[in-house]
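Number of protein chains: 2
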Amino acid sequence: MPLTQGTMTNPNADRVRRIAELTRAKTRRKVGRMLVEAPQAVREAVTFHPERVEDVYIAIDEDGNTVSARAAEIAAYIMGHKDECGGIYVHYVTQRVMDAISGDAQGIAAVASTKGMAGRLADFAAGGDNDVDGRRGPLTIAAFWQVRDPGNAGTVIRTADAAGADAVVFVDDCVDPLGPKVVRSTAGSLFHIPVLRASVDELFAWNADHNASVLAADVRGTGDLKPVPLPELLAAEPKDDAHTSRSILFGNEARGLDDDILERCDGIVSIPIYGKAESLNLATSAAVLLYSLAMSSHVGKM
Amino acid sequence: MPLTQGTMTNPNADRVRRIAELTRAKTRRKVGRMLVEAPQAVREAVTFHPERVEDVYIAIDEDGNTVSARAAEIAAYIMGHKDECGGIYVHYVTQRVMDAISGDAQGIAAVASTKGMAGRLADFAAGGDNDVDGRRGPLTIAAFWQVRDPGNAGTVIRTADAAGADAVVFVDDCVDPLGPKVVRSTAGSLFHIPVLRASVDELFAWNADHNASVLAADVRGTGDLKPVPLPELLAAEPKDDAHTSRSILFGNEARGLDDDILERCDGIVSIPIYGKAESLNLATSAAVLLYSLAMSSHVGKM
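Listed in order, the protein sequences are those of chains A and B.
The opening residue of the first sequence carries number 1 in UniProt numbering; numbering runs sequentially from there.
The opening residue of the second sequence carries number 1 in UniProt numbering; numbering runs sequentially from there.
Quick caveat, the hints were computed from the structure, so don't treat them as lab data.
Some hints could be false.
No distinction is drawn between identical chains; accordingly, a pair holds when it is met within one copy or between any pair of copies.
The list that follows gives simulated cross-link-like pairs (lysine-lysine, DSS-like), each with its CA atoms no further than 25 Å apart [as the list claims (entries may be wrong)]:
hint	residue 1	residue 2
1	K181	K276
2	K226	K82
3	K276	K26
4	K226	K276
5	K276	K82
6	K115	K276
7	K181	K226
8	K181	K82
Could you put the whole structure together from the sequences, leaning on the hints where they help?
As structure tokens, this is what we get:
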């Protein structure tokens, strides 16, 4: 079978070991590359940022057939888009080699450059993909302070993307947004929307510089700053583009937001609990809040 | 230390083995008991359904002190509520015994009767906790067809509880809602809200019998039944109690809802995607939809 010519068969090869090492944050930082696993994430990377993708690894069986039909479609897409994808090298590998690369590849994995990914919020207006000036109307930024769980981190990036946010900012000491589990949980959204990093000070400085307000999601509030229930906030939303840019800031999964951060925000919003649940988890809170505000804004523009 | 008198120290004891076996659905069905792990779930079980709780196991260290401060609070609550909690037996166990009971106990676990839990939707109006007649106004039922992932299942139960739904129904072949991972993911909501089971036919029969409509969450629709975008649905919601009872039906994580189910629904609603994400996951869809409808309904009543 022609496909098997040059197939990578050695799971102990140096190249395989180097790819597998990209699961470690330290290695990713050192070599400036990341691992993208499974058809959905690889397809979105190849479609939206082919210039970042260096190598694609596709598992084939003993007869030389691609193990995953979706992987075969991605290979065909790359071959059919020479202009955009000319820099991508497609490798066929045995299942044993794929298993050595990643246990979560579902037949396809890619190595991509981390250049231009997970940059600083301060550079968001500095051109390129992150060019804030190319975006229309007021911006919505979804900001997460000390998000620690990779699954949560990926899910909130996906939710922010779906809700039409202009960027996601991981504030302070968060999980690395380029880690494999985060990437998988974003279902490709990592390649749709700028995901940036900032310190707490950088977050507030950026918002001040861009005439943007910071709205914290918190049930308690602090001192004189008490939360406004979300339905009240929605009822008071301007039904046109009159509102300015805004960052919605969510706290850590367990601790929420510290008081000294809440005190610096322009407002606090709480999601009402109508039943007996004590609280909502981070991903649920982000879904409810980001979507409510997005729907309110879009309905206003209709 | 008095606390250590009678402490369970043998991780190989028959009782310990029997508790650990409750992680298996088959054993739960056979013995009619379930395992409740970690402080939040145990506290909610003891607070909302003490009559279901048979035994509580609390880990103590070598000095006889309770390992978890939250577990100690629960023990104090049980001692202080003899009327409600008189039937609960509290056992102190070594950490090794607790590890043999559960790797996810965080210092406390309970064994509860499954009687009255995860019953049939058809019995929802039959009195007791599930007495539909004791509920006021139109009912909102959150129904999930073939939900398979335990974490998803628990999260959607928690979300439905927070959004004030009157019950959760697992339709057709779903994950067992009494499994340990589901229970943990509900964060106690399993003990706040009736969680019921139904076949597809039972779901539609119950809704027909109760003059309730079935609204499917789906992006595609089928045949002549096309989805209404959620913002349009919200704009058309009656701003009083004029609407009747309603079941919101969500599909399987990967497959969504089958066409033959969609065709039986009274309406279909889709959540708009404002960004480039291809879809939302089940838990996010449930959060956005259940909360939007709940907020709309509650604002209408204000």
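Exercise. How do K226 and K276 come out at 25 Å by Cα distance, when the copy is not named: within, between, both, or neither?
Worked result: Classified as within: same-chain Cα gap 22 Å, cross-chain 35 Å, threshold 25 Å.
Exercise. Taking 25 Å as the upper bound on the Cα-Cα distance, should K276 and K82 be classified as within, between, both, or neither?
Worked result: This pair counts as between: shortest inter-copy Cα distance 23 Å, intra-copy 56 Å.
Exercise. Quick one: K276 to K26, C-alpha cut-off 25 Å, is that within a copy, between copies, both, or neither?
Worked result: neither (43 Å within a copy, 30 Å between copies)
Exercise. Between the shortest in-copy and the shortest cross-copy C-alpha distance, which are at most 25 Å for K181 and K226: within, between, both, or neither?
Worked result: neither (36 Å within a copy, 35 Å between copies)
For this session: State whether the alpha carbon distance between K181 and K82 is at most 25 Å within one copy, between copies, both, or neither.
Result: Classified as neither; 30 Å inside a copy, 47 Å across copies.
For this session: Up to 25 Å between alpha-carbons, please classify K226 paired with K82: within, between, both or neither.
Result: Classified as neither; 56 Å inside a copy, 38 Å across copies.
For this session: Since the copies are identical, ignore which copy is meant and state whether K115 and K276 lie within 25 Å (CA to CA) inside a copy, between copies, both or neither.
Result: Classified as between: cross-chain Cα gap 21 Å, same-chain 46 Å, threshold 25 Å.
For this session: Tell me, please, which holds for K181 and K276 at an alpha-carbon limit of 25 Å: within, between, both or neither?
Result: between (32 Å within a copy, 20 Å between copies)
Hint compliance for this structure: hints 2, 3, 7 and 8 are not met, and every other hint is.
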